[in-house]
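Peer 1: Mind docking chain B on chain A? Use the hints.
Order-wise, the sequence lines are chains A and B.
Quick note: the first sequence, position 20, residue 20 per our numbering, numbers continuous.
Quick note: the second sequence, position 199, residue 199 per our numbering, numbers continuous.
Since the hints were made in silico from the structure, they are not lab data.
It should be emphasised that the depicted structure is a prediction, and the values quoted were computed from it without experimental measurement.
All C-beta atoms, glycine included, are put in the ideal place defined by N, C-alpha and C.
Incorrect hints may appear among the rest.
[Unchecked claim] List of simulated lysine-lysine pairs, DSSO-like, C-alpha gap at most 30 Å:
id	chain 1	residue 1	chain 2	residue 2
1	B	K202	B	K221
2	B	K41	A	K21
3	A	K21	B	K88
4	B	K202	A	K21
5	B	K215	B	K88
6	B	K60	B	K37
7	B	K257	B	K8
8	B	K190	A	K21
9	B	K174	A	K21
10	B	K167	B	K215
11	B	K190	B	K174
[Said to hold, decoys possible] Far from chain A, by Cβ distances over 12 Å, these chain B residues were calculated:
id	residue
12	K81
13	D203
14	R276
15	P314
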Amino acid sequence: MPKRILEDIHAFLRGFGGAFKHQSTEYIEFEARELENVFALVIMGSFVGIPSPPTTLVVRLMPHMVREMYVMQQRAVDMDDIFGEIAGMFDID
Amino acid sequence: MKEFLLPKENFRTVFVIGKGGVGKTTTSAALAVALAKKGYKTLIVSLDPAHNLGDVFMTKLSDKPKMLTENLYASELDMEKLIKSYLKHLENNLKNMYRYLTVINLEKYFEVLSFSPGIEEYATLEAVRNILLEGDQWDIIVFDTPPTGLTLRVLALPKISLIWADKLIEIRKKILERRRMVAKIQGDQKFVLEGQEFTLPKDEEEDPVMKELRKYREEVKFVEDVITDPEKTSVIAVMNPEMLPFYETQRAYESLKKFRVPFNMIVVNKVITVEREIPEIKVKLDAQEKVLGEIEREFRGIEIIEVPMFPQEPRGLEWLEKLGGMILEG
Numbered sequence: 001m002p003k004r005i006l007e008d009i010h011a012f013l014r015g016f017g018g019a020f021k022h023q024s025t026e027y028i029e030f031e032a033r034e035l036e037n038v039f040a041l042v043i044m045g046s047f048v049g050i051p052s053p054p055t056t057l058v059v060r061l062m063p064h065m066v067r068e069m070y071v072m073q074q075r076a077v078d079m080d081d082i083f084g085e086i087a088g089m090f091d092i093d
Numbered sequence: 001m002k003e004f005l006l007p008k009e010n011f012r013t014v015f016v017i018g019k020g021g022v023g024k025t026t027t028s029a030a031l032a033v034a035l036a037k038k039g040y041k042t043l044i045v046s047l048d049p050a051h052n053l054g055d056v057f058m059t060k061l062s063d064k065p066k067m068l069t070e071n072l073y074a075s076e077l078d079m080e081k082l083i084k085s086y087l088k089h090l091e092n093n094l095k096n097m098y099r100y101l102t103v104i105n106l107e108k109y110f111e112v113l114s115f116s117p118g119i120e121e122y123a124t125l126e127a128v129r130n131i132l133l134e135g136d137q138w139d140i141i142v143f144d145t146p147p148t149g150l151t152l153r154v155l156a157l158p159k160i161s162l163i164w165a166d167k168l169i170e171i172r173k174k175i176l177e178r179r180r181m182v183a184k185i186q187g188d189q190k191f192v193l194e195g196q197e198f199t200l201p202k203d204e205e206e207d208p209v210m211k212e213l214r215k216y217r218e219e220v221k222f223v224e225d226v227i228t229d230p231e232k233t234s235v236i237a238v239m240n241p242e243m244l245p246f247y248e249t250q251r252a253y254e255s256l257k258k259f260r261v262p263f264n265m266i267v268v269n270k271v272i273t274v275e276r277e278i279p280e281i282k283v284k285l286d287a288q289e290k291v292l293g294e295i296e297r298e299f300r301g302i303e304i305i306e307v308p309m310f311p312q313e314p315r316g317l318e319w320l321e322k323l324g325g326m327i328l329e330g
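Just chain A, with the same shape it has in the complex:
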């Protein structure tokens, strides 16, 4: 029985720590995602009408940009509620 209580306490603390950990990196993660989005946008600028880097460079980078494209796509989906996400990050209900 005491062993179970200890395990519970352990799990509780782990969850607590995890939440803290998550909160502490939340802004950095958001920033990183946003930078990935910008990076992809710059590379694929010609699709949205902004000047793009040399074609050679674009074609050479594209195969390695799965993650960026995914983020960009996700951004497009979330676009209608971008304020919602930022508000959530700052704990505004």
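Peer 2: Positioned in the frame of chain A, the structure of chain B alone reads:
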């Protein structure tokens, strides 16, 4: 002898530029012949899609250097073939990465790409790079270029590409830096895509995007270093004693200055000299006089050479050697 035409470190690259029809090909061929005669192992390459280098030498040329006389080699780059092989290379690259794309008939798309804006400049730059990479085989490489517009864009390309690469490297660094911060607290970040799990690269050495960016930067930097080094590169502009070529040379001079490509000499080709007055061409001669005066004024400190209009077109090695001697010795 003109110092800026002789090899100092390893090899010397000479770009002959100018408006269409002023005699770039003849001038560059003459120069190559004269330099070869002096004992320098010289390669002359025509980048001009119009291809008349072979006509000047009165022989057939291909994209492999062909020996014409002792020390003189010539080749004509087939731009269409180059663009095709450049695109083929890109296509294979893409196909390897996105196997599923083969279903949607990528070939058709790439056929259209060969007409996409800018592709010719990239292919030309790639060709120049490949020749420069093997530059040590020669003492002097003379490039007979396409008309000014395209050439200036090609010469500007390394600098522009460098700016782009640097900007992208900067953003990439920021991304990786943030990934490292997160990984320090959360451990390696995973990313799941269609059931497959990837670990997000966080170090510059393991990030394929960064590696590709750095590799590209290095490649472009090599060309940029060669064409902006006065010890390695010289640009010769060819023009006729008329107003339009003069304006074009002026513009070329300005933009080359901006990209720090050394501009050394102007060859004024087809200057008409008459011993007695001919009233029928007086207007033409007056105009020529005016342009020659303008050139002297405008391009101070740059070597100017006047080449007279010959009674017949300078073709064949003998003629070229005579003309080349005039340019080389001034």
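Peer 1: All the hints need checking, so say for each whether the structure fits it.
Peer 2: A quick look at each hint next to the structure:
1. Proposed proximity of B:K202 and B:K221 is supported: the alpha carbons are some 26 Å apart, at most 30 Å.
2. Proposed proximity of B:K41 and A:K21 is contradicted: the alpha carbons are some 67 Å apart, above 30 Å.
3. Between A:K21 and B:K88, the direct Cα distance comes to roughly 48 Å. Violation of the 30 Å bound is thereby established for this hinted pair.
4. A C-alpha spacing of about 19 Å is found between B:K202 and A:K21, which places the hinted pair at or below 30 Å, so the restraint holds.
5. At most 30 Å may separate the alpha-carbon atoms for a hinted pair to count; B:K215 and B:K88 meet this at roughly 20 Å.
6. Proximity of B:K60 to B:K37 is assessed by CA-CA distance (about 21 Å); at most 30 Å being required, the pair is judged to hold.
7. A distance of roughly 22 Å separates the Cα atoms of B:K257 and B:K8; the hinted pair therefore holds under the 30 Å criterion.
8. Of the pairs offered as hints, the one joining B:K190 and A:K21 holds, with about 16 Å between alpha carbons and a cut-off of 30 Å not exceeded.
9. Our distance criterion of 30 Å between C-alpha atoms is met by B:K174 and A:K21, whose separation comes to about 21 Å.
10. For the hint pairing B:K167 with B:K215, the CA-to-CA distance comes to about 15 Å; that is within 30 Å, so the pair holds.
11. Between the alpha carbons of B:K190 and B:K174 the distance comes to roughly 19 Å, so the proposed pair stays at or under 30 Å and holds.
12. At roughly 18 Å, the least C-beta separation between B:K81 and chain A is larger than 12 Å, which holds for a residue marked as non-interface.
13. Separation of B:D203 from chain A is adequate, the least Cβ-Cβ distance of about 14 Å exceeding the 12 Å criterion.
14. No Cβ of chain A comes within 12 Å of the Cβ of B:R276; the nearest lies about 57 Å off, and the non-interface call holds.
15. With a least CB separation of 39 Å from chain A, B:P314 remains clear of the 12 Å interface cut-off, as annotated.
The structure fails hints 2, 3 (numbered hints given earlier, in ascending order).
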